[in-house]
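Put chain F with the ligands on the given structure of chain B with help from the hints.
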Amino acid sequence: MASVKEKVQLRKTDSPTRKSFSERMVEYGEIDHEFVVFESDIGYSTYSYLFGDKYPDRYFNMGIAELGTMAAAAGMAADGRTVVVSGYGVFLTMRAVEVVRSFICYPHLNVKILSSHGGLTAAIDGVTHQATEDIAYMSTLPEMKVLAPCDKFSARAAFDIAMQTPGPVFTRLMRDPLWDMYTEKDTFRLGGSHVLRRGGDITLVSYGDIVFQALEAADLLAKEGIEAEVIDMYSVKPFDAETLLESARRTKAVLVAENHQKRNGLGYEIGTFLLKHYPWKSAGVKSLKFDHLGLEDTFGESGNYYKVIDKYGISGRAIAEAARRLLSGARR
Amino acid sequence: MGTTVGTEAKLDERIAFLKKQAQQVRLHIVKMIHKAQSGHPGGSLSAADIMTALYFDILNVDPKNPRWPDRDRFVLSKGHACPVWYVCLALRGFFPIEELDTLRQFESRLQGHPVSTKTPGVDATTGSLGIGFAQSIGMALEGKWLKKSYKVYALLGDGEMQEGVVWEAAASANKYKLDNLVAIIDNNNLQNDGYTDRIMPIEPLDKKFEAFGWTTRRIDGHNMEQILTTLREAKAHRGTPFCIIAQTVKGKGVSFMENVRGWHGKPPSDQELAQAIQEIEGGLK
Ligand SMILES: Cc1ncc(C[n+]2csc(CCOP(=O)(O)OP(=O)(O)O)c2C)c(N)n1
Ligand SMILES: [Mg+2]
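Chains B and F are the protein sequences, given in the same order.
First residue of the first sequence: 1, per the numbering used here; consecutive thereafter.
First residue of the second sequence: 1001, per the numbering used here; consecutive thereafter.
Keep in mind that the hints were calculated from the coordinates and are not lab data.
From the three backbone atoms N, C-alpha and C, an ideal C-beta is built for every residue, glycine too.
Check the hints yourself; a few may be wrong.
[As the list claims (entries may be wrong)] Below are the DSS-like pairs computed for lysine-lysine, each with C-alpha atoms no more than 25 angstroms apart in a straight line:
{"hint": "1", "chain 1": "B", "residue 1": "Lys307", "chain 2": "F", "residue 2": "Lys1035"}
{"hint": "2", "chain 1": "F", "residue 1": "Lys1208", "chain 2": "F", "residue 2": "Lys1235"}
{"hint": "3", "chain 1": "F", "residue 1": "Lys1118", "chain 2": "B", "residue 2": "Lys307"}
{"hint": "4", "chain 1": "F", "residue 1": "Lys1235", "chain 2": "F", "residue 2": "Lys1177"}
{"hint": "5", "chain 1": "F", "residue 1": "Lys1035", "chain 2": "F", "residue 2": "Lys1266"}
{"hint": "6", "chain 1": "B", "residue 1": "Lys311", "chain 2": "F", "residue 2": "Lys1118"}
{"hint": "7", "chain 1": "B", "residue 1": "Lys289", "chain 2": "B", "residue 2": "Lys223"}
{"hint": "8", "chain 1": "F", "residue 1": "Lys1177", "chain 2": "F", "residue 2": "Lys1208"}
{"hint": "9", "chain 1": "F", "residue 1": "Lys1266", "chain 2": "B", "residue 2": "Lys307"}
{"hint": "10", "chain 1": "F", "residue 1": "Lys1118", "chain 2": "F", "residue 2": "Lys1035"}
{"hint": "11", "chain 1": "B", "residue 1": "Lys223", "chain 2": "B", "residue 2": "Lys311"}
{"hint": "12", "chain 1": "B", "residue 1": "Lys311", "chain 2": "F", "residue 2": "Lys1035"}
{"hint": "13", "chain 1": "F", "residue 1": "Lys1266", "chain 2": "B", "residue 2": "Lys12"}
{"hint": "14", "chain 1": "F", "residue 1": "Lys1031", "chain 2": "B", "residue 2": "Lys307"}
[Claimed, not checked] Now the in silico label distances, taken between C-beta atoms and shown as ranges:
{"hint": "15", "chain 1": "B", "residue 1": "Thr140", "chain 2": "F", "residue 2": "Arg1067", "range": "34 to 40 angstroms"}
{"hint": "16", "chain 1": "B", "residue 1": "Phe299", "chain 2": "F", "residue 2": "Pro1096", "range": "23 to 29 angstroms"}
{"hint": "17", "chain 1": "F", "residue 1": "Arg1109", "chain 2": "B", "residue 2": "Thr140", "range": "33 to 39 angstroms"}
Okay, chain F solo, but in the shape it has when bound:
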């Protein structure tokens, strides 16, 4: 049976634990992308706190039984950030932590973008932006149809919001009153070619989602208390689909990667890795 990890602990203890866990997640992210010499550090680090809260508090999943029919679903619609997902899955026990070293390598289960048939715990194949979120609509519809109590969580990028299919999905969630669906937007204001508000503005996201019939919250995506309380609120919420707009910093936790376009899809060198580790571990204290 699936259980969440120690939800019974007091809130501040829980937050302290999750903060520590998030730093572990960040360490693994930079190490595995360095090892692969390929991958997307910026968007993995910006999502690290949210993903940690999901996998170590919110999601009702069972590492022993990844396809347990009643599990909560998670869809990484911004599939390029899969290092953060693989780390959370490994730390949660879906596969051995050592396997993180095989990221993007020949015949590895950890493909360059998430593949549901290869990696235990990956509920949907993604990598083509916008499509993951649209798939989460189908998962939520199935849950409603079968009267299941699981929830579906989808994590999207802010640049990803530019895909038309995202808005098709948002409209259908309203029509079918998918209150078992939670969309989280990693709103780091950077995409491949530059700042999102210059490439193709997408704000005001809260007003847009409200107009589409969603309940929205805007939070600091690196404030663990806000992340946790809002995700718990979303989990309990009924009546409408729920959208969390998380204000984040791309590359969060590694000074030279923070808010720099060039760290979207570039691996760190040996020296850069050493500095990244030092900074992340420094943050652990």
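Chain B on its own, in the form it takes in the complex:
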């Protein structure tokens, strides 16, 4: 079961998750001398260059060649070695997806994908740089585990989880520094989650940058007397079904919000799970309300991060609105 936070202390951070993850990778390099890092010419953007500066013989910058880089990483990992592959989500999860599927997941290699610019967090760069299908691609692959930390501390923990989990692990990271909500004392695990706010009226489930928006939504709803529970589902695959169910049985309403296509995102997974065996139909729960926010079968666009996520319906304001609608029973 997830730990429950009394009150989350939000602090503006100076470190985007891509940086925190790479910083932890450098520290980890001292503990573990066996793993190597493959980069595809965006080391100054993913901060993997920090590792290269410290361990030049364990850092391979393969140039702008994501497909070949991923395949070379598979080769280096063939006998069990752990290899971190760094790059932007769009290129690693799409240009190199066949290699990830057939030659990393299938042979169950210890390849850890450091994937930056997840979702619309690369808002200003436009669609070609926005990984809005990465969770779908990666979580569909057998053997692959998927993590999506929301702040500095969970990003550092994600690196440790990736290293300590056998087989392929994909970690979705973000371009922009947002908010810190955890501390060094918080612990994270594969298949875990954190309840960041308790509430009995609706369960808001999210991951990555949208966790902060869910907390914002909960604040807005509280002003109207609606108490929202907020779950950070940082382990997207496998996700923490136990915590979700416990919460859903109490609130009888679940709203998943994600910076991703709705289709084949975490919301689809959770929706299917809740429908499958009606696992919530106990303790007198007769019906459950469910909705899901994300990109509605559309591409994003360039622009200010907040304006873009608001337009595509995953800002705190939009989540609060959807929660009200769901609770009032209004159809969209």
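Chain F with the ligands alone, transformed into the frame defined by chain B:
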């Protein structure tokens, strides 16, 4: 109907005009990236002279009819350098110059990387390196198939040459004898993480393209006379695809940006903009 801009003028007058025009292009580039506080100045400035020659001498395009079927195609395969493209398109009349101020902003037609369905004059959506060049193969194949006389011009980065798909495209251009295709490589020896010859060497580009069946020329990508005469040669060339390897300086025209890795994708501050403008205008005299 599409026409090129005043090709009839004498060569030296033409060169003088294009040099002036290129400085205008550079001014707009630094201003718009400053305004957006986001974008890629280095690779936009290194391509400014080539792009100016293309848009103000070589390309047969019609701003009134951007999708004119017989136009020359242009593909910015190194899509991150779109500020230079947007400036050329605006100065050529495809959309109002004032619109340059909306670069990368919410609901703008000028997206962070080029999008064909949003910006008039943008023939191909790019931004993912290597793919633009491969798309230009399809455009050239269509031109051959339909017996059209237009040419397809693609501009690539030197770091971009590391993508495997670039070489798949180069091989297919040879098989289909795409002499309606001109590839121009902005060979500034810098990519995101450092010097190209250290990150992943790609030279000798001329020998590689020749081995792939292309005709190649290596030029100074900031010498307008060489740019113009070589592009005109490429335009008239028949029999093989044509590759121009343009030796350039990343950030060309702004001293503190020249040949500095850090100016790949960083906007100038107010002060830096003021200095950049001064230096570019100084070059105008
Ligand atoms: C497939 C792909 N991988 C990575 C990137 C990120 N990226 C954008 S520009 C760039 C460096 C480009 O270097 P180069 O081609 O030499 O261009 P220039 O120096 O002219 O800016 C990289 C790695 C991308 N846009 N597309
Ligand atoms: Mg370059």
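Hint check results:
1. About 18 angstroms separates the Cα atoms of Lys307/B and Lys1035/F, which keeps this hinted pair within 25 angstroms; it holds.
2. Restraint check for Lys1208/F and Lys1235/F: the C-alpha separation of about 21 angstroms stays at or below 25 angstroms, so the hint holds.
3. Restraint check: the Cα-Cα separation between Lys1118/F and Lys307/B comes to about 19 angstroms, which is no more than 25 angstroms; the hinted pair holds.
4. For the given pair, Lys1235/F sits about 15 angstroms from Lys1177/F by alpha-carbon distance, which is consistent with the 25 angstroms threshold.
5. Between Lys1035/F and Lys1266/F the alpha-carbon distance is near 12 angstroms, which keeps this suggested pair within the 25 angstroms criterion.
6. A C-alpha spacing of about 18 angstroms is found between Lys311/B and Lys1118/F, which places the hinted pair at or below 25 angstroms, so the restraint holds.
7. Between Lys289/B and Lys223/B, the direct Cα distance comes to roughly 22 angstroms. Compliance with the 25 angstroms bound is thereby established for this hinted pair.
8. For the proposed pair Lys1177/F and Lys1208/F, the alpha carbon gap of about 17 angstroms is at most 25 angstroms, so the pair holds.
9. Taking the CA atoms of Lys1266/F and Lys307/B, the gap is about 22 angstroms. The hint holds against a cut of 25 angstroms.
10. The suggested pairing of Lys1118/F with Lys1035/F holds, with an alpha-carbon distance near 20 angstroms, which does not exceed 25 angstroms.
11. Distance check on the hinted pair: Lys223/B and Lys311/B sit about 23 angstroms apart at the alpha-carbon level, within 25 angstroms; holds.
12. Taking the CA atoms of Lys311/B and Lys1035/F, the gap is near 23 angstroms; set against the 25 angstroms cutoff, the hint holds.
13. For the proposed pair Lys1266/F and Lys12/B, the alpha carbon gap of about 23 angstroms is at most 25 angstroms, so the pair holds.
14. Between Lys1031/F and Lys307/B the CA atoms are separated by roughly 23 angstroms; this keeps the pair inside 25 angstroms, and the hint holds.
15. In this structure the hint that Thr140/B and Arg1067/F lie 34 to 40 angstroms apart at CB holds, the actual value being about 37 angstroms.
16. Checked against the given bound of 23 to 29 angstroms, the beta carbons of Phe299/B and Pro1096/F, roughly 25 angstroms apart, stay inside it.
17. Roughly 34 angstroms separates the CB atoms of Arg1109/F and Thr140/B, a value that falls within the hinted 33 to 39 angstroms.
Figure legend: structure checked against the earlier numbered hints; every hint is met.
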